Amino acid sequence: MNTNNRIKSTTDTISAKLKILAREKENVRQKLIITARRLALTAKEKEIVRRKLLVTAKQLAANAEKIAQANTYARSLIEVSLDPLVTISPKGKITDVNEATIKVTGVSRQKLIGTDFSKYFTEPKKALAGYKKVFREGSVTDYPLTIRSETGKLTNVLYNASVYKDDKGIVLGVFAAARDYTRAKKANELLAVTAKQLAVAAKEKEDVRRRLVVTAKEKESIRRTLAVTASKLKKSHLTLEEKVLGRTKDLEQIRSKHEAILTSIGDGLVVVDKEGKITYINKTFEEMLGWKPKEILGKTMVDVVPREDMHGVGVSFKERILTQVLGGQKFVVDLTNPFYYIRKDKSRFPASSIVAPVVLNKKIVGAVEVFRDITKEKEIDKAKTEFVSLASHQLRTPLSTVNWYTEMLLSGDVGEVTLEQKNYLEEIYNGNQRMVDLVNTLLDVSRIELGTFFVDSKPTDVVKLTQSVMSEQQPQVDEKNIKLSSSFENNIPMIHTDPKLLRMVLQNLLSNAIKYTPDAGAIALSLSLDTKKNVLLKITDTGYGIPADQQDKIFTKLFRADNVIGKDTEGTGLGLYIAKSIIEQSGGKLWFESEEHKGTVFYATLPLERRKKERAS
Amino acid sequence: MKIPKKILIIEDEKTLARALELKLTRSGFTVKAVFNGEDGIVLLQHEPFDLILLDLIMPKMDGFAVLTILKAQDIKIPVMVLTNLGRENDVKRTKEFNVAEFFIKSNTPITTIVERVRKLLE
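Just so you know, the protein sequences line up as chains A and B, in that order.
The working numbering puts the first sequence at residues 4 to 620.
The working numbering puts the second sequence at residues 182 to 303.
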C-alpha cells in the first residue's frame, strides 16, 4: 500500500469522525434547552405544593383534637363493657385490659399489663393458636377458651378478636373481646353429646334401614318363590288331605277295632316299654287289679303289681318273667308255677300269665303280658285234689282189711296153710301192698297240690339218711346184680330239713336208678358241698337214659318216658314230680343230665341255711 | 296165773275191729270192741282198761272227742291211735294229746300193731 492512499484513508476517517462529533454537539444543545424549560416549570409546581402543605397542616391540627376526643370516648366504652376486653401486642404481651378482665382474672391491671396473655387460660397453647389465627386471618369469632382466675375459678368464654393496624397497614396488636358462656357451654356440651348420640343413632338407623332394604329384597324374592311353591303345595295339599282323611278314617276304624278287641279280652293285658314301664292296660286289667290307667301309666309293672309265690314269698324283680323277657328271653309261659298277683287293695288272686316281647326292627322295645285269674281253675283243681284225697282215704280201709286178714291167714291163725296156698296168699298180699303204695303216692300228690304237706324240719344228718335208704334198697340192688357205690365228702354238716320228706326223695331217685338200670349196671351216689352253701346230691346210673325229646316232660305229673313204660309196669309217673316238689319247697333244685342208652345223672341241692319262710302246714 | 291185760278197741269199721280183736285175743289179751266213741266212754266209766286202740273218724263221737274227754276226766290210760287219715292236721292234733302211738292202718301190718301193744303193756 502506498503512502498516499494511507493518508487519504486516514483523512477520510477523521473527517467522518468530525461529522459525528458535530452531530452529537447539536444533540446536547437541544437537550440543554429542554432541561432549562423543565426547570422553569418545576419552580412553579413547588409553589403550588407549598401552598397545599399549609392547608394540610391546618387540617391535621383539627384532626388531632378530634382523635383525642374519640379516644376518651372509646376508653370509657371499653371500661364500661361487662365482657372482658384486652389488647395484646404482636409479641403476645397484654398491653391493655378493662375492669371486666381484672374481675375475671382476679389480677390487677398493673400486673396484667406486660404479661403473656396466654397464661390466664386453662389451655395456653390453644389460646396461642387462636392468637396466631387472628394474625393470619385478621380476625376470629367465637373462639372458645377457659379463663382460670387466680383463685382457680374457671370461666368459659368465646373470643371475638381482630387485629388493629396503623394508617400504613402495619399490625399494631390484637383487640380481643370475650363473652362468658359457661352455661351456654354446658348446654352446648350436652347438645354436642346429644348430637353425637343422635349421629350414632342415626347411623345405626341408617344401617338398619340398609339392612332392611336388603332383607326386604330377599323377602320379596322369597315371597315370590313361596307364592309359586304355595300354589303347588296347595294343589298337592288338597290331594293329600283327601288321602289323609281317608287313611285316618281307616286307621280310626282299625284302632277302635283293636281297642275293642283288647278291651274284650277276658284276660288282663298290660303293655310295657323296654324299661318295664306300663304303656297300656286293658279294661280287664283294671277290673282284676283295681288300678286305673291314669294311676299307673308310666310306672313300673313289677312295682305296681307285686307277685307272690304259693307260700306268700314275694317274687324278686330278677325272677319276674317280665324282666326276663325284656332281658332277651323269647317267650315265657308261666302256667306251671302258680303265683299270686297283688291287687291295689292288697288282696291277692292266683294268676297265670304269658309274656311275649314286643320286637321292632329286631330290637326288644317292650313286652306284652296276658294274665288270667285262675281262682276258678284253682277251685276246680282243689275240688279234684280233695276228691282224690278223700277217695284215697276211703280206699285205705278195705286195703287194711285185705292186708290184715291175709296176714292172719299167712301166719296160720285159722289153721295151717299149704305151701301153694301160701304162695297165692302172698300174691294177694303183694298186690294189695302195691295198691297201698299207689294210694299213698296219690295222697302225697294231693298234699303237694293242696299245699298241706306237713314239713317237720329238724337238724338232719343227710349222710346217715342216704346210707339208710341205700341199705333199705340193697335187696333190689343185689337182685339185679348192680354195683352200687357211694362217696361222701367229709364234714357235711347237719341240714335243717324234714327227714321223712328227704327220705322220700332219696327213695324215689335211688329206686328209679335201680329200676331203670339193666342188670349188672352201676350206680354211684355222692354227697358234697357246692360253692353256694348247698349240699349237692348226685346219683349217676348206667341205665336206659331219658330220650332227649322227652326230657322236658320228665317232671310232669303222671308222665313216663316211652323207653321204660314196657320195662317197668309198676311206675306211676308221680315219683319225680313229688321229688321235685319237695326239693323246691325246701329251697333246693332238682335237675338231671341224661343220654339214652348211656345213663342219667340226677342232681339235687339242699340248702344249708334255713329257708326264710316255711309253710307251717 | 297172770291176769291178762285189758284192751279197749274203739273202731267203727267192724271188719277191722274184728281183725284186731281176733289177733289180740289170740296174742293173749283180753279185748273189748265198741263201734263209736260214745260207747267207748260209757264203757270206760265202768271197766278198767290197760290200753285203748282208738280210731279217729267215727259216727256219734269221733276219736278227737274221746281224747278230749279222757284228758278232761284225767283218765291216764295209754292210747294208740289207729287211723287211715294220716293228714298232717290230724297227726298234729293227736300229738297234743300225748298219744302213745300213731299208726296208719293200711300202712301197718297187724303183727306190728301186736308187737307194739305188747311192748306198751310190758
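None of these hints come from the bench; they were simulated from the model.
All figures in this text were calculated on a predicted structure; none of them were measured in a lab.
Yeah, the Cβ is synthetic: ideal placement off N, Cα and C, and Gly gets one too.
Take these hints with a grain of salt, some might be off.
[Said to hold, decoys possible] Quick list of the computed label-pair ranges, beta carbon to beta carbon:
{"#": "1", "chain 1": "A", "residue 1": "V420", "chain 2": "B", "residue 2": "K213", "range": "40 to 46 Å"}
{"#": "2", "chain 1": "B", "residue 1": "R199", "chain 2": "A", "residue 2": "E380", "range": "41 to 47 Å"}
{"#": "3", "chain 1": "A", "residue 1": "S531", "chain 2": "B", "residue 2": "K273", "range": "34 to 40 Å"}
{"#": "4", "chain 1": "A", "residue 1": "K601", "chain 2": "B", "residue 2": "R199", "range": "52 to 58 Å"}
{"#": "5", "chain 1": "A", "residue 1": "L453", "chain 2": "B", "residue 2": "T249", "range": "22 to 28 Å"}
[To be verified] Here are some of the chain B residues that sit facing chain A, going by a computed Cβ distance under 10 Å:
{"#": "6", "residue": "T196"}
{"#": "7", "residue": "N217"}
{"#": "8", "residue": "L263"}
[As the list claims (entries may be wrong)] Here are a few chain B residues that sit away from chain A, every Cβ distance over 12 Å (derived from the structure):
{"#": "9", "residue": "A200"}
{"#": "10", "residue": "H227"}
{"#": "11", "residue": "F230"}
{"#": "12", "residue": "L251"}
Now the hints, each set against the structure:
no.: 1; hint: V420/A <-> K213/B: 40 to 46 Å; in the structure: 29 Å, violated
no.: 2; hint: R199/B <-> E380/A: 41 to 47 Å; in the structure: 45 Å, holds
no.: 3; hint: S531/A <-> K273/B: 34 to 40 Å; in the structure: 35 Å, holds
no.: 4; hint: K601/A <-> R199/B: 52 to 58 Å; in the structure: 55 Å, holds
no.: 5; hint: L453/A <-> T249/B: 22 to 28 Å; in the structure: 26 Å, holds
no.: 6; hint: T196; in the structure: 5 Å, holds
no.: 7; hint: N217; in the structure: 16 Å, violated
no.: 8; hint: L263; in the structure: 9 Å, holds
no.: 9; hint: A200; in the structure: 4 Å, violated
no.: 10; hint: H227; in the structure: 29 Å, holds
no.: 11; hint: F230; in the structure: 22 Å, holds
no.: 12; hint: L251; in the structure: 24 Å, holds
When each numbered hint is compared with the structure, violations occur for hints 1, 7 and 9.
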